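Enquirer: If you count the first sequence from 1, you need to add 28 to reach the numbering used here.
Worth double-checking, as some hints may not be accurate.
Unchecked claim - Cut-off 20 Å, straight-line C-alpha distance, at most; resulting in silico cross-link-like pairs (EDC-like, lysine to aspartate or glutamate): (1) Lys569 / Asp397; (2) Lys478 / Glu463; (3) Lys756 / Glu664; (4) Lys439 / Glu506; (5) Lys613 / Asp600; (6) Lys297 / Asp600; (7) Lys677 / Asp612.
These are computed hints drawn from the structure, not numbers from a lab.
All values reported here derive from a predicted model rather than from experimental measurement.
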Amino acid sequence: MENKSKDFLRRVVEKDLKSNKYNKIVTRFPPEPNGFPHIGHAKSISINFGIAKDYQGHCNLRMDDTNPTTEDTQYVEALKDAVEWLGFDWEGNVRYTSDYFDEIYNYAIRLIKMGKAYVDSLGEEEIREYRGTVKSVGKRSKYAERSITENLELFEKMKNGEFSEGKHILRAKIDMSSPNMKMRDPLLYRIRHAHHFRAGDKWAIYPMYDFAHCLSDYMEGVTHSICTLEFENNRDIYNWVLDTLSLNPPRPYQHEFARLGINYTMMSKRKLLELVENDAVNGWDDPRLPTIAGYKRRGYTPQSILNFCEGIGIAKANSMVDVAQLEFSIRDDLNTKVPRVLCVMNPLKVTITNYQGSEEIEASYYPHDVPKEGSRKLPFSKEIYIDRSDFKQNPDKGYFRLTPNQAVRLKYAYIISCQEIIKDENGEIIEIKAEYYPNSKSGEDKSGIKVKSAIQWVEKNAAKEIEVRVYDRLFKNEAPQGIEDLNPNSLQIIKNALIEPAVITDKPDERFQFEREGYFYADPIDYSSEFPVFNKIVGLKESSAKKKKAPQVVEKIKKIQIDGEVVAMSEDQEALFEKYTKEDKLNSEVANTLARDKKLSAFYQEALNELKSPINLANIISNEVARELKSKEINELKFSPKQIAELIKMIDDELISTKIAKVVYEEMAKSGKNPKQIVESKGLIQISDPKILLPIIEEIIDKNPDNVEKFRGGNTKLLGFFVGQVLKATKGKGNPKVVNLLVGERLKD
RNA sequence: UGGGGUAUCGCCAAGCGGUAAGGCAUCAGCUUUUGGUGCUGACAUUCGGGGGUUCGAAUCCCUCUACCCCAUCCA
29 MENKSKDFLR RVVEKDLKSN KYNKIVTRFP PEPNGFPHIG HAKSISINFG
79 IAKDYQGHCN LRMDDTNPTT EDTQYVEALK DAVEWLGFDW EGNVRYTSDY
129 FDEIYNYAIR LIKMGKAYVD SLGEEEIREY RGTVKSVGKR SKYAERSITE
179 NLELFEKMKN GEFSEGKHIL RAKIDMSSPN MKMRDPLLYR IRHAHHFRAG
229 DKWAIYPMYD FAHCLSDYME GVTHSICTLE FENNRDIYNW VLDTLSLNPP
279 RPYQHEFARL GINYTMMSKR KLLELVENDA VNGWDDPRLP TIAGYKRRGY
329 TPQSILNFCE GIGIAKANSM VDVAQLEFSI RDDLNTKVPR VLCVMNPLKV
379 TITNYQGSEE IEASYYPHDV PKEGSRKLPF SKEIYIDRSD FKQNPDKGYF
429 RLTPNQAVRL KYAYIISCQE IIKDENGEII EIKAEYYPNS KSGEDKSGIK
479 VKSAIQWVEK NAAKEIEVRV YDRLFKNEAP QGIEDLNPNS LQIIKNALIE
529 PAVITDKPDE RFQFEREGYF YADPIDYSSE FPVFNKIVGL KESSAKKKKA
579 PQVVEKIKKI QIDGEVVAMS EDQEALFEKY TKEDKLNSEV ANTLARDKKL
629 SAFYQEALNE LKSPINLANI ISNEVARELK SKEINELKFS PKQIAELIKM
679 IDDELISTKI AKVVYEEMAK SGKNPKQIVE SKGLIQISDP KILLPIIEEI
729 IDKNPDNVEK FRGGNTKLLG FFVGQVLKAT KGKGNPKVVN LLVGERLKD
């Protein structure tokens with residue numbers, strides 16, 4: 029279990045713990061209380077609280093309530109409820125960004141005093157214009173020139189409510205020409221004469237997300253601030269604020285993951301609201317909604333939601349999870365937990381003509397493979413109901429249930445066979461006259477009759493009538509956009525389903541499996557024993573024979589990709605390219621890489637002056653050195669062209685393998701040590717002597733007989749496996765060319 | 001002057017230079033008094049495309065392509 033692969037966030041956390049960057053990790057779940065939480069929030073809750081739990085840390089629940097016009101306390105209740113329902117504990121008080129307003133305000137003043145923030149008095153329209161566009165730089169407002177004292181005064185007045193909304197704004201002074209739009213002097217505070225649901229009317233100014241969030245994280249001692257991908261661009265501000273305020277360490281860092289998408293589901297708060305407001309659904313807890321309240325009302329267990337979140341993983345790729353995965357989670361959870369019970373959704377009367385009197389049949393609540401105890405008595409008499417779909421006068425091939433010439437077992441009871449079909453004037457079947465086999469009773473069956481199916485049934489007089497709400501997916505499209513994509517049949521209400529009496533009278537549970545139908549939940553609001561109402565949580569999995577859909581053959585078409593045009597080389601680059609290919613005999617790809625990059629070509633030239641080994645030099649420079657030079661200048665490098673030349677010299681002299689060369693290079697790039705020194709101190713001279721290599725190879729081969737067999741069976745890829753093992757055994761020092769040869773030969777016989 | 005991300009099976013997703021994990025879905029077979037469950041097996045000669053480096057590349061380099069995010073006084 030411990031070897032399970034970790035997601036990238038947990039890996040970061042582990043690294044930070046190991047390096048003692050933090051000695052305890054703190055996360056937070058920071059929703060804005062402006063809507064009902066949905067399964068996307070569940071993912072975030074599962075990540076933040078889950079990570080805290082896994083690493084003995086702590087997770088805060090924080091309401092990010094910086095926008096008084098959209099937020100409300102009913103949402104904070106729903107949010108708290110969601111976290112609790114999922115089984116997490118925020119230990120202590122719920123946090124509110126609004127509780128930090130004073131401190132955040134003081135930080136703003138500090139920024140002003142540092143000359144890093146200013147009061148801007150441009151209008152909304154102008155601010156937008158000044159910001160520039162994605163492809164053009166912005167320009168700074170003239171108000172950025174205001175003196176610190178003036179800024180302080182103005183900001184104070186803003187706070188005191190002396191200005192109307194939109195009159196002024198506090199901005200950070202960063203860079204109006206930043207390629208990151210978010211960094212073009214981001215807004216820090218805006219004037220808002222609104223009542224805040226917690227702070228009341230104390231404030232006339234409210235901090236923006238970008239200012240409040242990082243500081244709130246910092247004040248709470250958060251170490252890992254985990255949010256969704258769309259905040260990637262905001263990370264720069266996050267860091268800027270915390271860095272320029274030069275706060276006492278440790279400070280939090282932001283990490284982003286992909287938000288959850290599920291097909292046939294809509295997750296946007298705004299659009300969800302639209303559904304509720306247009307009465308397309310019955311409130312926020314409509315069981316068809318992907319809200320936590322919806323799932324809860326539908327009958328999903330917290331565990332199933334958590335399992336789902338764990339199952340889908342955490343990554344940075346935008347993705348769309350199949351609803352089937354969610355449905356699996358709830359089935360899988362309920363399968364081992366919930367009593368099985370008989371319910372007939374669509375009753376068809378069956379009279380057993382040769383049965384007299386009545387009896388009670390003992391029936392276990394759980395099937396043989398669920399290790400739980402419990403049973404009830406099923407009343408039985410000559411008049412029963414079965415489901416309409418369990419009888420067919422003219423069955424297709426492969427139909428397992430009752431037909432004029434096929435007997436069926438009444439689950440836990442007797443085998444019956446059809447004697448007569450009674451129809452009404454419209455030709456609709458209204459009753460079946462059947463006979464039972466007295467010696468076929470479950471558990472004491474001596475009839476010798478083999479049936480293909482055992483169906484659910486209820487006794488006519490004892491059965492209770494219930495309402496069943498059968499839910500289907502809310503949308504008919506895989507990627508629904510809104511109301512227009514609604515599935516018209518997402519709710520079907522069955523008013524007079526019949527259920528065995530024990531379910532209502534004993535109420536052994538709230539969730540049941542109605543055998544052969546699915547999992548159902550006693551509606552927490554509308555259910556009463558006089559008027560029982562059940563929600564269908566999810567159907568049972570149906571295998572092919574039952575749904576008898578033709579398997580679809582999807583042809584795989586390889587997409588043809590048209591390459592775009594490559595930017596032409598400049599004249600200088602062209603000349604270099606010429607030289608590289610003609611004089612130095614470099615291949616055109618390497619020559620191209622070198623010629624197009626000033627830093628690389630300069631580096632290469634210098635190295636070449638040290639050692640006339642153009643190809644090997646060019647190769648390592650266009651590959652390894654290029655990586656380093658992506659983010660650095662030549663003078664920032666810890667190593668020189670001369671050292672690279674030295675390294676290549678060792679390869680040329682066959683002192684070391686290219687594999688070792690990479691190791692040496694890494695070390696050199698990190699420490700700046702001389703390659704020769706590294707090789708000597710670590711004893712990395714390569715081993716090419718077969719006399720030394722052969723015994724090692726022998727040992728590896730002995731240890732992996734099954735892989736030898738597979739290799740001989742034609743899996744030639746395994747050669748790489750053996751080479752890898754041998755190289756590992758020699759700590760990388762084996763000459764891979766020689767090892768390859770030797771292993772190849774040895775494996776043949 | 002654009003920048004920041006992402007791409008591995010139908011859907012998620014591991015993998016960090018040495019045998020392409022796992023789950024969902026699907027398809028077989030066995031078990032089954034649920035057409036459920038369970039068990040067994042099948043399911044990527046290949047990692048968005050093309051090159052290059054290497055004995056060896058999903059992993060390193062170059063390049064192209066596609067998709068997502070950013071120009072709210074929202075978060």
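Enquirer: All hints are to be evaluated individually against the structure, with a verdict given for each.
Expert: Going down the list of hints, with the structure as the test:
1. Lys569 / Asp397: Answer holds: Lys569 to Asp397 is near 17 Å, not above 20 Å.
2. Lys478 / Glu463: holds (16 Å)
3. Lys756 / Glu664: violated (33 Å)
4. Lys439 / Glu506: Not OK: Lys439 and Glu506 at ~38 Å, beyond 20 Å, violated.
5. Lys613 / Asp600: Holds, because 18 Å separates the two Cα atoms, which is no more than 20 Å.
6. Lys297 / Asp600: Distance ~55 Å between Lys297 and Asp600 Cα, so the pair is violated.
7. Lys677 / Asp612: Distance of about 17 Å is within 20 Å: holds.
Checked against the numbered hints listed earlier, the structure breaks hints 3, 4 and 6; every other hint is satisfied.
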